[in-house]
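With the sequences and hints as input, model every part of the structure.
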Amino acid sequence: MYNICFTSMPILAYSLLEQHICIEVLLDNATLYREIAKNAVLRWGTFLYWTVLGVFHGLLFFFGVRFLFSNPALQDNGQVFGNWSYGTIVFTVLVFTVTLKLALDTRHWTWINHFVIWGSLAFYVFFSFFWGGIIWPFLRQQRLYFVFANMLSSVSAWLVIILLILLSLLPEILLVVFRKPRGPHARQKKMVQSSVGGHQSPRSSARPLLMRTFSDESNTVI
Amino acid sequence: MMASSYNAKDEDGHITVTGPGGGTLRSKKPENTAFKQQRLPAWQPILTAGTVLPAFFIIGLIFIPIGIGLYVTSNNIKEFEVDYTGVDMSSPCFNCSQNFSWNSTTPCTCTIPFFLEQPYESNVFMYYGLSNFYQNHRRYVKSRDDSQLNGDMTSLKEPSKECEPYAYHDNKPIAPCGAIANSMFNDTLELFYNDPNGTKVQIPLTNIGIAWWTDKHVKFKNPGAGEANQNLTAVFQGTTKPLNWRRPVYELDAAANNNGFINEDFIVWMRTAALPTFRKLYRIIKSPSNGMMPTMPRGNYTLEVVYNYPVRSFEGRKRMILSTISWMGGKNPFLGIAYITVGSVCFFLGVVLLIIHHKCGNRNNSADISN
Chain A
30 MYNICFTSMP ILAYSLLEQH ICIEVLLDNA TLYREIAKNA VLRWGTFLYW
80 TVLGVFHGLL FFFGVRFLFS NPALQDNGQV FGNWSYGTIV FTVLVFTVTL
130 KLALDTRHWT WINHFVIWGS LAFYVFFSFF WGGIIWPFLR QQRLYFVFAN
180 MLSSVSAWLV IILLILLSLL PEILLVVFRK PRGPHARQKK MVQSSVGGHQ
230 SPRSSARPLL MRTFSDESNT VI
Chain B
39 MMASSYNAKD EDGHITVTGP GGGTLRSKKP ENTAFKQQRL PAWQPILTAG
89 TVLPAFFIIG LIFIPIGIGL YVTSNNIKEF EVDYTGVDMS SPCFNCSQNF
139 SWNSTTPCTC TIPFFLEQPY ESNVFMYYGL SNFYQNHRRY VKSRDDSQLN
189 GDMTSLKEPS KECEPYAYHD NKPIAPCGAI ANSMFNDTLE LFYNDPNGTK
239 VQIPLTNIGI AWWTDKHVKF KNPGAGEANQ NLTAVFQGTT KPLNWRRPVY
289 ELDAAANNNG FINEDFIVWM RTAALPTFRK LYRIIKSPSN GMMPTMPRGN
339 YTLEVVYNYP VRSFEGRKRM ILSTISWMGG KNPFLGIAYI TVGSVCFFLG
389 VVLLIIHHKC GNRNNSADIS N
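Top line first, the protein sequences correspond to chains A and B. Going by our numbering, the residue at position 9 of the first sequence is 38; the numbering climbs one at a time, nothing skipped. Going by our numbering, the residue at position 297 of the second sequence is 335; the numbering climbs one at a time, nothing skipped.
Keep in mind that the hints are not guaranteed to be accurate.
With a Cα cut of at most 27 Å, we get these calculated BS3-like pairs of lysine-lysine [claimed, not checked]:
id, chain 1, residue 1, chain 2, residue 2
1, A, 67, B, 74
2, B, 195, B, 279
3, B, 324, B, 238
4, B, 195, B, 180
5, B, 180, B, 66
6, B, 199, B, 279
7, B, 67, A, 67
8, B, 238, A, 67
9, B, 259, B, 210
Covered stretches of chain A, going by a simulated chain B footprint (3 or more residues, C-beta under 8 Å) [what the hints assert, rightly or not]:
id, segment
10, 80-91
11, 100-112
12, 162-173
13, 183-193
14, 199-206
Just so you know, these hints were derived from the structure itself, not from any lab. Beta carbons: idealized from backbone N, C-alpha and C, even for Gly.
Here's what the structure looks like:
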């Protein structure tokens with residue numbers, strides 16, 4: 030379910046439609062393609078970054094909910110959550126974090142990207158309600174009956190979900206802020222400075238974030 | 039790119055081109071649509087300092103009050119815990135915890151006095167807590183038959199294979215089957231208040247409303263539930279009780295709406311806990327109807343335990359917990375502290391980024407001016 034239904038469409042749309050360098054720049058500077066030739070982007074640094082990030086996320090989700098469950102009475106009627114509620118909270122945080130991280134990485138938002146990203150999240154929520162709302166006649170075990178809906182009725186569960194999603198995306202946001210644009214964007218900057226009368230939009234995206242001011246606005250490509 | 043003229047495209051999308059020399063070549067060029075030529079209208083967000091910095095500040099300013107609210111609420115929740123395992127020789131329940139036998143007919147009782155410092159207002163919730171009890175063990179969690187517990191007559195007589203080896207006993211099906219049901223907590227806890235005159239008043243405990251509503255009314259049903267005037271003893275004819283139980287499932291409670299599979303203590307136990315140290319709701323002490331007195335005034339109390347459940351063999355512990363409940367649930371300072379920490383970190387990062395932004399911005403401006 031996770032790989033096929035909840036997280037497959039956003040990455041597919043990202044891989045097909047993403048343009049972190051605009052078409053005009055690419056057509057003018059074909060040498061940019063050398064940077065991705067022969068799997069050059071598969072470096073140890075990138076791999077280690079993603080692995081460490083994954084481990085960090087896993088530890089954060091699990092132990093975040095574990096400390097919340099040191100008192101499992103999370104509802105205002107005193108009733109207690111079980112292990113399926115624990116797993117549902119962790120899984121919800123996981124699906125939302127993964128999809129929102131991809132949303133943060135997407136630099137070129139077409140309607141398809143909007144549709145698959147927000148649609149995947151909506152599908153997860155609706156499917157969870159649907160799956161947990163019926164006593165399935167062909168199943169011997171009814172483990173998740175009403176677990177998702179009951180989890181959403183607890184304020185503490187909502188708060189921990191929001192906290193963990195934000196905390197897990199924080200390193201990503203910090204990296205975007207602190208990292209100078211490397212590779213193609215740096216070249217963009219150099220090329221624009223060398224050419225006379227370069228237009229505004231590539232230059233603004235090439236500056237480090239902290240140097241970009243209010244005049245560098247987001248642009249819409251028609 | 040060689041110049042070529044487009045002709046009308048075929049149904050399958052290939053474009054027929056007239057090449058030099060008069061022959062027609064099929065070009066594999068994709069159609070000139072926005073989707074295939076990657077020209078879809080798009081929004082390209084460019085993160086500027088103007089968007090990111092206020093976001094950090096806003097998050098900090100929202101999270102810190104939430105954290106403070108959570109922490110203050112958690113601190114105002116009153117909780118009291120009594121460990122009655124009987125590990126020490128001086129404990130009243132020490133004798134009960136030794137030499138345990140499942141078959142003993144006379145139950146062992148012990149009495150533990152305690153003192154409540156603060157009066158407890160509004161509803162007070164009584165939990166039993168167990169330690170070192172892994173209700174989240176995979177094989178244990180699977181060992182149940184939900185269709186039997188839903189009142190299915192076929193499953194009643196033929197429990198699922200997941201319940202093995204707690205499915206049949208003496209060639210009779212066990213109802214309810216499985217290891218979870220077999221290990222049900224069966225201590226009886228009662229509370230008495232020793233008021234200043236010296237009389238011992240029993241505190242009324244409610245055993246309804248402790249399980250999830252959907253569990254009690256939808257997921258768990260007695261077999262033959264649709265019939266009127268059902269006699270549970272007759273319905274469960276042909277089945278036998280779980281091995282570790284003293285009474286069969288149709289004698290769990292005298293009240294008809296709390297007997298059989300829909301007994302709320304049973305339902306609460308069947309909702310397996312997430313961690314090895316857990317608590318489960320046992321009874322509710324409702325606040326008195328006149329509203330003037332606290333539910334549990336400050337003073338001396340007595341806990342009377344009918345000690346049935348053996349935990350010494352696996353180094354477990356048993357506790358009774360009295361707690362009030364707020365909008366965030368039970369007493370847990372973790373969420374408050376976490377929100378305050380994250381809010382402060384975000385606010386601090388916002389300040390740091392603002393300083394860096396000013397410095398970089400000034401340097402940038404001065405460089406432009408000098409150019």
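>> Please list, smallest to largest, the hint numbers that this structure does not respect.
In response: 5, 8 and 10
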